[in-house]
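Asks: Next come the chains, spelled out residue by residue.
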Amino acid sequence: MRDPKQAWKEDFESSPARDDGIETSTISGIPLQPLYTAADRPQQLEEFPGQYPYTRGIHPSGYRGRLWTMRQFSGFATAEETNRRYKYLLANGQTGLSVAFDMPTLMGQDSDAPTSRGEIGHCGVAIDSLADMETLFEGIPLGDITTSMTINSPAAILLCMYIAVAEKQGIPASQLGGTLQNDILKEFIAQKEFIFPPEPSMRLVVDSIEYCAKEVPQWNTISISGYHIREAGSTAAQELAFTLADGMAYVDACLERGMRIDDFAPRLSFFFDAHIDFFEEIAKFRAARRIWARWMRDRYGAQQERSWKLRFHTQTAGVSLTAQQPELNIARTAIEALAAVLGGTQSLHTNAMDEVLGLPTDKAARIALRTQQLLAYESGAANTVDPLGGSYFVEALTDEMERQAERYFKQIEALGGVIPAIEANFFQKEIADSAFRYQQELEQKRRLVVGVNEFTVDEATPIEILRIDPKLESEQVERVREVRKRRDQARCSNALTSLRKAAAGTDNLMPYILEAVRAYATEGEIMNTMVEVFGIYTERAVV
Amino acid sequence: MVGFTGAPGTGKSTLVDGLVAWLRKQDNSVAVLATDPNSPFTGGAILGDRIRMQRHALDPKVFIRSMGARGHLGGLSLATREAIRLLGAFGFDQVILETVGVGQSELEVAAVADTTVVVLTPNLGDGVQMIKAGILEIADVFVVNKADLEGHSRVLTELRSMLSLAPKEGWKPPIISTVASKQEGIGAIWGAVVAHRQHLESSGRGRQLADQRLKDETAEVAAEIARDRVRQALADDPGLAERLVEEGVPYSTAQEILDRKP
Amino acid sequence: MSPATAVRPVRIIVAKVGLDGHDRGVKVVARALRDAGYEVIYTGLRQTPEMVVDAALQEDAQVIGLSIHSGAHMTLFPAVVQELKRRKATDIVVFGGGIIPDDDIAALKKQGVEQLFTPGTPLQEIVDWLRQRFPKGA
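Residue numbers (the working numbering), protein chains in the order written: chain A, 337 to 879; chain B, 37 to 298; chain C, 7 to 144.
Honestly, the hints are just simulated from the structure, not real lab data. A portion of the hints provided could be inaccurate.
Non-contacting residues of chain C with respect to chain B, defined by C-beta distances greater than 12 Å in every case (computed) [stated by the list, open to error]:
#: 1; residue: MET80
#: 2; residue: ALA85
#: 3; residue: GLN88
#: 4; residue: LYS91
#: 5; residue: ASP108
#: 6; residue: LYS115
#: 7; residue: GLY126
#: 8; residue: THR127
#: 9; residue: PRO141
#: 10; residue: GLY143
List of simulated lysine-lysine pairs, DSSO-like, C-alpha gap at most 27 Å [unchecked claim]:
#: 11; chain 1: A; residue 1: LYS807; chain 2: C; residue 2: LYS116
#: 12; chain 1: A; residue 1: LYS504; chain 2: A; residue 2: LYS423
#: 13; chain 1: B; residue 1: LYS218; chain 2: B; residue 2: LYS97
#: 14; chain 1: A; residue 1: LYS837; chain 2: B; residue 2: LYS218
#: 15; chain 1: C; residue 1: LYS115; chain 2: C; residue 2: LYS91
#: 16; chain 1: A; residue 1: LYS807; chain 2: C; residue 2: LYS115
#: 17; chain 1: A; residue 1: LYS807; chain 2: A; residue 2: LYS699
#: 18; chain 1: B; residue 1: LYS97; chain 2: C; residue 2: LYS94
#: 19; chain 1: C; residue 1: LYS94; chain 2: C; residue 2: LYS142
#: 20; chain 1: B; residue 1: LYS97; chain 2: C; residue 2: LYS91
#: 21; chain 1: B; residue 1: LYS218; chain 2: A; residue 2: LYS765
Even glycine gets a Cβ: it sits at the ideal position worked out from N, Cα and C.
Could you put together the complete structure from these sequences and hints?
Replies: Given below as structure tokens:
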């Protein structure tokens, strides 16, 4: 009688192998065995969800207790249009709002700035002042929903606008729930929407965390992001490591400010990519929880469990979508969303199939939402907590992810921390190298993208692209000029003067920004006031 | 014309960027020639210095030209010398040459520049002794950049002691400490350059070097022409090439080709 | 063959115009062009049409490659072509890539952008196009 394992090995080796030249490693390059067994995991204590280090999830009941939030990122053109789309999505079962802003808003520019020309409303909603924000949430009771705002350099300003809108609805800030992306480190690393240099940028982030700890305690002050790092071309392990390293840098900065870790750590949240290599992603999410818990409890000495629990939002990988045979993107998104669910995400955005080339149409956006509902109610994935826990493969891969992340932490530490590593172009180079390597694999057909480098068809599928009416651009420009004309000029200019003085000092800037917002100072005016003190950052890029 | 050279990672681009800003404040117009190596296999290159001088984009008094070394082991193509002449002719107040210090490029820079600035940093690993032979001889000014890093004073001490062993005729290369990323020490670099220029003028050495450079360049051009002629001849004359390969006689083959009428 | 007439590599400026910072594609393309033998100058993010053209003139580039992902290509790409006209440098070839819907390609070509490469284009296609466009080098 042959030893079964030995027998399998012999049988495997003597059976024919596929000869298509396709890589059998993960998309990130982690080599994979053909089979994983109990022997691939050293003896470990059995883990349970809701128990440190939370590999199997931060809640004992998983989705049996509460489904993930279906939070579709959206926004385009004007506040009025977006307000309509929000009401449509809420009526169709979306359970939280997520705001996408246009490029000028993301970059802290007013719509009538010269460099805003051609950019208004294309990739999100144009918000120039509190007036636009009021329109955006008109008829939507901010006390009843949670809202995620994806914005970084000007994040504090948008948060203050949200607070001011809620004030007008009679809702105190203490009742507001939501998330602010506010993750400036990943801007320097990957998305490049930075404005101020690293130091004052970090100051603003810490100001917002400190302010919210007291005034807006239900608000997730930061969404420490791996998504953009991954989309820029990193591997899964790099996404994991760089994101958590950024998280630790924020923790360090807040501790330096004098805050106590348990006062702010529970409100830190994360944002990851869900890419197409299914199992690698699940392992990544599980490893993230474990690593963060260990560092928070054992390294930082956080006492409260809430500080140890990593909560995250996931978006399916934009970079995996294809313009060719775009209907395939529905299938891709479903696979990626399932990985996020099996990884235990707290909230999820699924991409629409037509998003490669533009903003999603109503129909495509609805299909994307329905995909989540399908997973929640038809697939059974929500019926058991951490269904893949105990899988030899997934547990081994989770361990490997953790190992690779720890290796990166050491490298970053050797460089002196995240900001010195950014200035040394460490992250940027790792990302560019990974991106190039992947592209070469595609060119050599060692990896396939169906419809792009294999299984192509000649006819192009006409995809209905959502077009922004160019008239909307001039209307928005008019709007911001009107706001400037009609406001209380004295109140506004006083607010900006106070802000400038405070920026040059050490006060927490949130109250000053809030006053400027209430006075209908425009986003551009508030940003420029701070630019006068902080300066503008230029990256020294490496290719 | 001042040339900056030094190993990769010493922050030369940041220094030159800072220097351009400084010179602009003195209302000087500046031309920068920045060279990067071409791939010896494909001939291509990513010329990455311009992007480090972004703040001078659209300043009409700053001109930046990125050049590939184009197969020159020394890091400078012949076109560079021609370009330097042209830039001077166009009336730029200052012309700065920047090269990556690989191969023998330091020597080439020295052969082309009036003042050669060699950039070092404290994290030199095994210390100043490991610096390539030749660098100490060709430097007119030393810059120890990233002076805020550990090991700075050690580098200064070592550098000073090595320099004391080999005094240059009449000119003692000053050592300037800088933190280019913080714009510290930039003015001092220019002070040293100006002082060196005055020395070249007053000692007559400047004239000597200029004459020598012209002769060297003529020899370089001749070498390039000869190189092309030989390659072309071998390509056009298969019989000759065959004989060369059979008999293994590069020297006589070369002589034969050069003796032919062009 | 004297040095002055030796074949010189084609010089290409690649730049991101507009406000978006998605530089993955432009960096991958820059490396591919280098590997194909071109001299590539990446001028960075947030380039205005004036900055791109000015750099191309200073660098004596034959080609400008523009990358954009924010939807502002219909404004900014033609603006680069216009600026080339204004600076009397219409011999410089302009190509582009990024998030550009098929419908816009024809319009952009009519406005002087010679070639557009949409998502999923193999790098080899870009290289092949440049080779047949500049068969004898610069």
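Asks: Are any of the numbered hints broken by this structure? If so, which, sorted upward?
Replies: Of the numbered hints given earlier, the structure breaks just one, which is hint 10.
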